[in-house]
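So the chains spell out like this:
2 protein chains.
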Amino acid sequence: MTAAPIVLLSHPMLSPMRPALEAQGWAVAERWAMTPEASAAARAIVHAGEVPLPTDFLENLPKLGLIACVSVGYDGVDVPAARARGIEVTHARGLNAEDVADHALGLVLASWRNIVLGDEVVRQGRWRDDDRMGPRPGLRGRRLGVVGLGAIGEAVARRAEAFGLEVAWWGPRAKPDAAWPRAESLLALAQASDILVVACRADASNRGLIDAGVIEAVGPRGLIVNVARGSVVDEEALIAALKDGRLGRAALDVFAQEPTPADRWADVPNTVLTPHTAGGTVDSIPRMVAQAIENVRLFLAGEPVASPAP
Amino acid sequence: MTAAPIVLLSHPMLSPMRPALEAQGWAVAERWAMTPEASAAARAIVHAGEVPLPTDFLENLPKLGLIACVSVGYDGVDVPAARARGIEVTHARGLNAEDVADHALGLVLASWRNIVLGDEVVRQGRWRDDDRMGPRPGLRGRRLGVVGLGAIGEAVARRAEAFGLEVAWWGPRAKPDAAWPRAESLLALAQASDILVVACRADASNRGLIDAGVIEAVGPRGLIVNVARGSVVDEEALIAALKDGRLGRAALDVFAQEPTPADRWADVPNTVLTPHTAGGTVDSIPRMVAQAIENVRLFLAGEPVASPAP
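Sequence order for the protein chains is Z and R.
Positions in the first sequence are counted from 1; adding 1 to them yields this note's numbering.
Positions in the second sequence are counted from 1; adding 1 to them yields this note's numbering.
In case anyone wonders, no lab produced these hints; they're calculated from the structure.
Each hint can be trusted.
Cβ pair distances, simulated, as ranges:
(1) Val269/Z / Ala82/R: 51 to 59 Å
(2) Asp245/Z / Arg174/R: 53 to 61 Å
(3) Glu162/R / Val283/Z: 19 to 27 Å
(4) Ala291/Z / Arg288/R: 44 to 52 Å
(5) Pro287/Z / Ala213/R: 32 to 40 Å
(6) Glu162/R / Trp33/Z: 38 to 46 Å
(7) Trp33/R / Pro287/Z: 57 to 65 Å
(8) Arg288/R / Asp132/Z: 20 to 28 Å
(9) Val283/Z / Pro13/R: 43 to 51 Å
Listed next, the stretches of chain Z that the computed footprint assigns to chain R, with coverage defined by at least 3 CB atoms under 8 Å from CB atoms of chain R:
(10) 157 to 164
(11) 254 to 263
Partial list, derived from the structure: chain Z residues whose beta carbon lies under 8 Å from chain R:
(12) Met134
(13) Leu140
(14) Thr278
(15) Val283
(16) Ile286
Glycine included, each C-beta is placed from N, C-alpha and C at the ideal position.
Start from the sequences and build out the full structure, keeping to the hints where you can.
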C-alpha cells in the first residue's frame with residue numbers, strides 16, 4: 002500500500018474543506034503549519050485564487066504539480082511562472098457567474114438608489130433632514146457598461162436589460178455573437194456609461210486597467226461597480242476621484258488588499274463596500290469545492306484536469 | 002377679471018411645487034398655515050396620498066372639489082367619504098412603477114445578499130469575524146411571490162425573472178392575461194415563497210393584509226419586502242416575528258408611521274430600512290407633479306379628471 006498523496010490547504014479560510022479532501026483518501030497538510038516532510042512530498046495545493054501565492058513558496062515544493070483554485074479566478078498565482086515549473090493551475094471557471102451578477106446588480110441598486118445610505122438615515126432618525134437624500138435618477142434609459150463580457154459580464158447584462166438599462170461592453174477580444182454592442186475602447190465605454198461594472202478576469206495583463214482616465218470618464222455623476230478583482234482598479238486613483246468629486250460613486254466587493262483596512266474608507270464618500278461575498282453562496286460554494294476536488298483527483302490519476310486557467 | 006382659484010398644499014414637503022402652481026395662475030395656500038379666507042374659497046388640494054387627510058379637515062372646506070394626490074396611491078384619503086361630499090380624488094396612477102420596482106429589487110438584493118450588513122462589517126473592520134456573514138443562498142430557482150399584480154407588481158415580476166427567480170402572485174381579482182401563475186390565496190402564495198414582495202394598492206379594505214399568519218408562512222428563512230404602504234403590513238406582528246425568528250428578514254421602504262421612529266427598529270434584527278424613496282426619482286417626480294397639476298387644471302376647467310382613484 003502506497004502512502005496517501007499529500008494535498009496542501011493554502012489558507013485557513015479553506016479549512017472547512019479538510020474532511021472532503023480526507024474522504025478522497027488524501028493526507029491534508031496546512032501551508033500555515035508546514036512540516037519539511039509535507040513540503041517534500043506535497044503533490045497539489047488547494048488555493049483561494051485571489052490570495053497571493055509567492056513563487057518562492059512554490060520553489061520549496063519539489064513534487065508539486067497542481068494549484069487547484071477553489072475560486073473563480075487565479076489572480077494571486079503567476080500562472081506562466083507556475084507552468085514553467087511544470088505546475089498546472091485550475092480554477093472554478095463560470096461556476097458562480099449568476100451569483101456574482103446578482104450581487105453586482107445589488108451593488109448597482111444599493112448605491113444608485115441610496116439603499117445603504119437610506120438605511121443609515123432611517124436608523125439615525127434623520128429621515129427628513131439628510132441633505133444627501135435628495136431624489137436620485139432612475140435606471141430606465143441610463144447606460145450600463147460592462148468591462149469583460151465573460152459568463153459574469155453576460156449575466157450582468159441580461160439582468161441590466163430587465164431594468165431598462167442600455168447595455169454596452171468592452172473587452173480585449175471581439176465577440177461576434179455578443180448580444181450587446183462592443184465599445185471602440187475601454188475609455189469610450191466609460192465615457193458613454195452612467196454605470197460601469199467591472200466583471201473581467203484579473204491577471205498580470207490588466208493590473209490597474211481601470212485607471213484615473215477611465216475613472217474620470219465615468220465622471221461626477223457616474224458609478225463604478227467592481228465584482229472582478231481589486232487589482233483591476235487603480236484603487237488609489239479611485240479613492241482620490243471620489244474624494245474630490247471627479248467620480249460620483251463606487252460600489253466594491255473586491256479590493257487591492259483583502260480584508261481591506263476599515264480606516265482606508267473612513268473619509269471616502271459615496272461608497273458601498275462588501276467583503277468579497279459576490280461569488281460565494283450556499284449554491285455556488287459546493288460546486289466550486291467539488292470542481293477543485295475533481296481537478297486534484299484527475300491530476301493524481303494522471304488525467305487531464307477539467308478547468309485549467311486560460 | 003375673476004379672483005385666482007385657491008389651491009391648497011397639504012404638507013410642507015410639497016412646498017417645492019408652489020412655483021409650478023402659481024405659474025398656472027392659481028393662488029397657493031398652505032394647509033399648515035390656513036386663513037379663514039383660504040378655507041372658505043379653496044377649490045382643490047394638492048396632497049401626498051400617504052399622509053392622513055382627516056375627514057373633519059375637509060368639512061371646513063366648503064368649496065373643495067378635488068384632492069389631487071401627487072403620489073401613486075391615496076391611502077391617507079377616505080375616498081368614499083370624499084366622494085360622498087362631492088370631492089373627487091386623483092393620483093399618479095402607474096407613473097413611477099419602474100422606479101418602485103427597481104427599488105424593490107434593490108431591497109431584495111440588499112437584504113438577501115447581505116449588502117447593507119456587509120457594508121457595516123467592512124467599515125467596522127470585522128471582515129473575517131462576523132458570524133452573521135456566512136454564505137447566503139443564491140437567487141436562481143428560488144420563489145418570489147408578488148402581492149398585487151398591478152403596474153408595480155408586473156415590473157417587479159419582470160425583473161425577478163431575469164435573476165432566475167420563479168415568480169407567482171396573488172391579488173383579489175383574477176387576471177386572465179397575467180404572465181405568471183396566481184396562487185389560490187395570499188396564504189398559499191406566502192407558503193410557496195422564499196421572498197414575498199408587497200406591491201399592492203393600499204386602502205381601507207386591506208389594512209393589515211400581511212398579518213401574523215402570512216408572515217409566519219414566509220417563515221424563518223424567508224424575506225418580506227414592502228414597497229406598497231405601511232398600512233398593508235401588520236407592523237407589530239412583523240417586528241415580533243423578526244425578533245423571535247419566525248420571519249427571517251424584512252426590507253421595508255414604507256412604514257405604519259412615517260418617518261418611522263428610529264428606536265422602533267433598534268433591536269429588530271435582519272432588517273433593511275429606506276425612507277420611502279422607492280417611487281421618487283428625478284425622472285418620476287416631474288411626471289407625478291405634472292399629472293397632479295393637469296388634474297387640478299381639468300377640474301377647474303370643468304372637465305373630467307385624468308387619473309381618478311379607483
